[in-house]
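Protein sequences appear in the order of chains A and B.
First residue of the first sequence: 188, per our numbering; consecutive thereafter.
First residue of the second sequence: 434, per our numbering; consecutive thereafter.
In short, the hints are calculated from the structure, not lab data.
Just so it is clear, CB atoms sit at the ideal spot from N, CA and C, and this is done for glycine as well.
Accuracy of the hints is not assured; some may be wrong.
With the C-beta cut set under 7 Å, the calculated list includes, among others, these residues of chain A facing chain B [unchecked claim]: (1) Gly204; (2) Gly207; (3) Gln248; (4) Tyr250; (5) Phe334; (6) Ser338; (7) Gly379; (8) Ser380; (9) Ser383; (10) Phe414; (11) Lys417; (12) Ala418.
Quick list of in silico lysine to any residue cross-link-like pairs, SDA-like style, CA-CA up to 20 Å [as the list claims (entries may be wrong)]: (13) B:Lys642 to B:Tyr584; (14) B:Lys642 to A:Ile254; (15) B:Lys837 to B:Lys857; (16) A:Lys213 to B:Ala831; (17) B:Lys479 to B:Lys613; (18) B:Lys479 to B:Tyr584; (19) A:Lys213 to B:Val835; (20) A:Lys236 to A:Tyr401; (21) B:Lys645 to A:Ile299; (22) B:Lys873 to B:Lys837; (23) B:Lys475 to B:Thr563; (24) B:Lys589 to A:Ile230; (25) B:Lys648 to A:Ser229; (26) B:Lys642 to A:Lys298; (27) B:Lys556 to B:Lys642; (28) A:Lys417 to B:Lys511; (29) B:Lys648 to A:Lys213; (30) B:Lys648 to A:Lys236; (31) B:Lys810 to B:Ala831; (32) B:Lys645 to A:Glu297; (33) A:Lys417 to B:Asp843; (34) B:Lys613 to A:Tyr250; (35) B:Lys645 to A:Ile230; (36) B:Lys648 to A:Ile230; (37) A:Lys417 to B:Arg793; (38) A:Lys298 to B:Lys589.
In case you want the letters, here they are:
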Amino acid sequence: MELTICHLYPDLLNVYGDVGNVLILKHRAALRGIDVDIINTSIGENIDKDNVDIIFFGGGQDYEQSIVSNDLNEIKKDALTSYIEDGKVMLAICGGYQLLGKYYTAPNGEKIDGLGILNLYTEGGDTRFIGNTEIFNEEFNETYVGFENHSGRTYINDHTPLGKCIHGYGNNGEDGYEGCIYKNTFGSYFHGSFLSKNPEFADRLLTLALKNKYGEDVKLENLNDNFELKAKNSIIQRLK
Amino acid sequence: MSEINIKSILSILLSKITAFSAKHIVKGGSNFPGKIALKIDKSILKHVSNGYKVILVTGTNGKTTTTSMIYNILKENKLHVITNSTGANLYPGIVACFVSNYSFFKKKENPYAVIEVDEANVKFITEHITPEIITVTNLFRDQLDRYGEVYTTLVKILEGVTKVPESKLVLNGDESLLGKLDIKNPVVYYGFNTPIKEDTTLEINADAKFCKFCKAPYSYNLVTYNHLGDFYCPECGYKRSELAYAVNKIFDLTPENSSVLINDTEVFISQSGAYNIYNALCAFAISKELGIEDSVIKASLQNQSSSFGRQEQISIDNKDVQIILVKNPAGYNQALDTLALNTSEFSAVFMLNDNYADGRDVSWIWDVDFEKISSLKIEDIFVSGIRMYDMAVRLKVAGLNVDKFILKEDYEELTDKIKESASKKIYILATYTAMINYRKYLHSKGYIKKIW
């Protein structure tokens, strides 16, 4: 089996180590004998949506995100819209998450257009939400940890959140939820990299992508996640 | 003693007493005495720095080493010079440095102060001091939970610079963020006219790759590392400024040292790595601007020993241990390049902490290209620090051999394991507080003589 991961704007949206998510997906797939091809897609390039199985969309600095905003709407909007609506797998972190929504307001007050594929929007805040965070997803019965660092307050309307905040601010510091799920698109503020301490979630993404591609339920064999789970647990212990 | 009021005298005295107590009772406190002084007299810095010619060193990476290099050159030139060499680079630490060197009675002739200052603290210093020279080494992303983005860091530095339009700026010309600044100060640039690698494409996750004026991607005539090099914007024509001081040739680059040609002077640098060539180049440029002879600069750089925790060499029993401070992706990648220059076998310790001074978010380790050391022959791979499991995951995903991992958070157990290692050469790559704390431990066991 093989999977193709498309990394959006790796040259522009490259802060906070979010690239780790791509490295981890590849690593975990490879240990199961699945070949992974990584395609970097940046300014001026469209997405070959039918030949991509997972899209990773990270966050960047405001300067770079304003460059990305134009390119998204001019070149990639149609492909990304049908990719998401078709139920294909995407992980969007921080700035990438915000850009899937209608708009976000940068700290300097500038309103930056998002793709508007997800029914959410982000307002600028006076303070940054910074720190280790723990959330719980009831449906999956899984706990995720990550490091959030954002001034944007995201409001997800009717979308399902990724989890309920146990510790930390989450989407907006008001409603007690973090992230967003729409079909097989997952948005989150979690850095860390997110998948580094949440191997269950990494495998969830791989499983969904394999099912989309090969049309059958694939059971991934278990890996030794000793380090990953101890890393997760050490955060949970510290937040207590 | 000119125009000194009671408040200032009291401020200085109390601060000195605190510094003395801190030194003798709790070892190594470097900010507290300054805080005391400031509490009593807010403008104390103006008074205690009076008469000094001040050189301010700021930027993301290389501050401590560059500061130390300039300090040594000035000393070699027989000048009276002081510095905040303990890495106390925030406002109170700098105040404390001047206070502890302050004498009510005898004044030194033509004194210099070479001061390392944190990027966000420049403005507090320039409020009271007009430096002879301000230098900015580079701007990499660093501890985003503290300062935000590289652009924000630059704005913070410039806030300080605009307060002192007479101060001369000596800037890294290869740093695209530092070109064509909207300021009144006289500016001198230094940089490289020779590449370190043949490739002129940037690493995918380098910083600041897009023109600061028109947002188009930069092109490069040569790249040294990360986003540093001879850049130009093919869209709007913005390009690197003319260099007054340039590395024109690299003769040799080894795990221990390097030798280069700066302008037309051959310089031997006793510390390894491309980043130390930049540090030496910066020190060279500043010294020349101060009118110091080439021979003095050369002699000093040749004998420069490392600052604490910056490639410091120590012995633990029969092991040669080198401690390298790593605090952001750009610096870490450079440190790994230094490891990769080794032709014989070695072991490495990866220490990751997440205290405030390290940056509380450890995500940045995923921006470090550990993949490039996965093919090296590393005998033992020690992992330590508060966030050692995060580091272990990172190294595992990078393809390092998990069978060689030894995870020890406890310093004593770690040190015992290091002693048992089959390799003689051990590199310790540690984040700031990991480095500080492990050094304290080694000091308590007698492996290091001087704690600072």
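A quick look at each hint next to the structure:
Because the smallest distance between the Cβ of glycine 204 (chain A) and any Cβ of chain B comes to about 3 Å, under 7 Å, the interface hint for this residue holds. Against a cut-off of 7 Å between C-beta atoms, the interface hint on glycine 207 (chain A) holds, since the closest Cβ of chain B lies about 3 Å away. The criterion of a C-beta within 7 Å of any C-beta in chain B is met by glutamine 248 (chain A), whose closest approach is roughly 4 Å, and the hint holds. For tyrosine 250 (chain A), the interface hint holds, the least distance from its beta-carbon to any beta-carbon of chain B being 6 Å, beneath 7 Å.
With a cut of 7 Å, the hint placing phenylalanine 334 (chain A) at the interface with chain B holds, because the nearest CB-to-CB distance is about 4 Å. For serine 338 (chain A), the suggested interface contact is broken, since its CB lies about 9 Å from the closest CB of chain B, more than 7 Å. About 6 Å separates the beta-carbon of glycine 379 (chain A) from the nearest beta-carbon of chain B, less than 7 Å, and the hint is met. Below 7 Å, beta-carbon pairs count as interface contacts, and serine 380 (chain A) has one with chain B at about 5 Å; its hint therefore holds.
A least Cβ separation of about 5 Å between serine 383 (chain A) and chain B falls short of the 7 Å threshold, and the interface hint therefore holds. Against a cut-off of 7 Å between C-beta atoms, the interface hint on phenylalanine 414 (chain A) holds, since the closest Cβ of chain B lies about 4 Å away. About 4 Å separates the beta-carbon of lysine 417 (chain A) from the nearest beta-carbon of chain B, less than 7 Å, and the hint is met. Taken as an interface hint, alanine 418 (chain A) checks out: its beta carbon lies about 4 Å from the nearest beta carbon of chain B, inside 7 Å.
A distance of roughly 12 Å separates the Cα atoms of lysine 642 (chain B) and tyrosine 584 (chain B); the hinted pair therefore holds under the 20 Å criterion. The straight-line distance between the Cα atoms of lysine 642 (chain B) and isoleucine 254 (chain A) is roughly 12 Å, inside the 20 Å bound, and the hint therefore holds. The hinted pair formed by lysine 837 (chain B) and lysine 857 (chain B) meets the criterion: a straight-line CA distance of about 16 Å does not exceed 20 Å. The hinted pair formed by lysine 213 (chain A) and alanine 831 (chain B) meets the criterion: a straight-line CA distance of about 11 Å does not exceed 20 Å.
Distance check on the hinted pair: lysine 479 (chain B) and lysine 613 (chain B) sit about 31 Å apart at the alpha-carbon level, beyond 20 Å; violated. Simply put, lysine 479 (chain B) and tyrosine 584 (chain B) have alpha-carbon atoms about 29 Å apart, too far for the 20 Å limit, and the pair is violated. A C-alpha spacing of about 17 Å is found between lysine 213 (chain A) and valine 835 (chain B), which places the hinted pair at or below 20 Å, so the restraint holds. Restraint check: the Cα-Cα separation between lysine 236 (chain A) and tyrosine 401 (chain A) comes to about 16 Å, which is no more than 20 Å; the hinted pair holds.
Our distance criterion of 20 Å between C-alpha atoms is met by lysine 645 (chain B) and isoleucine 299 (chain A), whose separation comes to about 18 Å. For the suggested pair lysine 873 (chain B) and lysine 837 (chain B), the alpha carbons sit about 27 Å apart, so the restraint of at most 20 Å is broken. In summary, the hint linking lysine 475 (chain B) to threonine 563 (chain B) is supported, as the alpha carbons are separated by about 17 Å, within the 20 Å threshold. Simply put, lysine 589 (chain B) and isoleucine 230 (chain A) have alpha-carbon atoms about 30 Å apart, too far for the 20 Å limit, and the pair is violated.
For the given pair, lysine 648 (chain B) sits about 14 Å from serine 229 (chain A) by alpha-carbon distance, which is consistent with the 20 Å threshold. Using a Cα cut-off of 20 Å, the hinted pair lysine 642 (chain B) and lysine 298 (chain A) is violated, with the two alpha carbons roughly 23 Å apart. Between the alpha carbons of lysine 556 (chain B) and lysine 642 (chain B) the distance comes to roughly 27 Å, so the proposed pair goes past 20 Å and is violated. Simply put, lysine 417 (chain A) and lysine 511 (chain B) have alpha-carbon atoms about 55 Å apart, too far for the 20 Å limit, and the pair is violated.
Simply put, lysine 648 (chain B) and lysine 213 (chain A) have alpha-carbon atoms about 32 Å apart, too far for the 20 Å limit, and the pair is violated. Proposed proximity of lysine 648 (chain B) and lysine 236 (chain A) is contradicted: the alpha carbons are some 27 Å apart, above 20 Å. Proximity of lysine 810 (chain B) to alanine 831 (chain B) is assessed by CA-CA distance (about 14 Å); at most 20 Å being required, the pair is judged to hold. Only pairs whose Cα atoms come within 20 Å are accepted, and lysine 645 (chain B) paired with glutamate 297 (chain A) is accepted, the gap being roughly 18 Å.
Between lysine 417 (chain A) and aspartate 843 (chain B), the direct Cα distance comes to roughly 16 Å. Compliance with the 20 Å bound is thereby established for this hinted pair. Taking the CA atoms of lysine 613 (chain B) and tyrosine 250 (chain A), the gap is about 18 Å. The hint holds against a cut of 20 Å. Restraint check for lysine 645 (chain B) and isoleucine 230 (chain A): the C-alpha separation of about 17 Å stays at or below 20 Å, so the hint holds. As the CA atoms of lysine 648 (chain B) and isoleucine 230 (chain A) are separated by approximately 11 Å, the hinted pair is consistent with the 20 Å bound.
Taking the CA atoms of lysine 417 (chain A) and arginine 793 (chain B), the gap is about 18 Å. The hint holds against a cut of 20 Å. As the CA atoms of lysine 298 (chain A) and lysine 589 (chain B) are separated by approximately 24 Å, the hinted pair breaks the 20 Å bound.
When each numbered hint is compared with the structure, violations occur for hints 6, 17, 18, 22, 24, 26, 27, 28, 29, 30 and 38.
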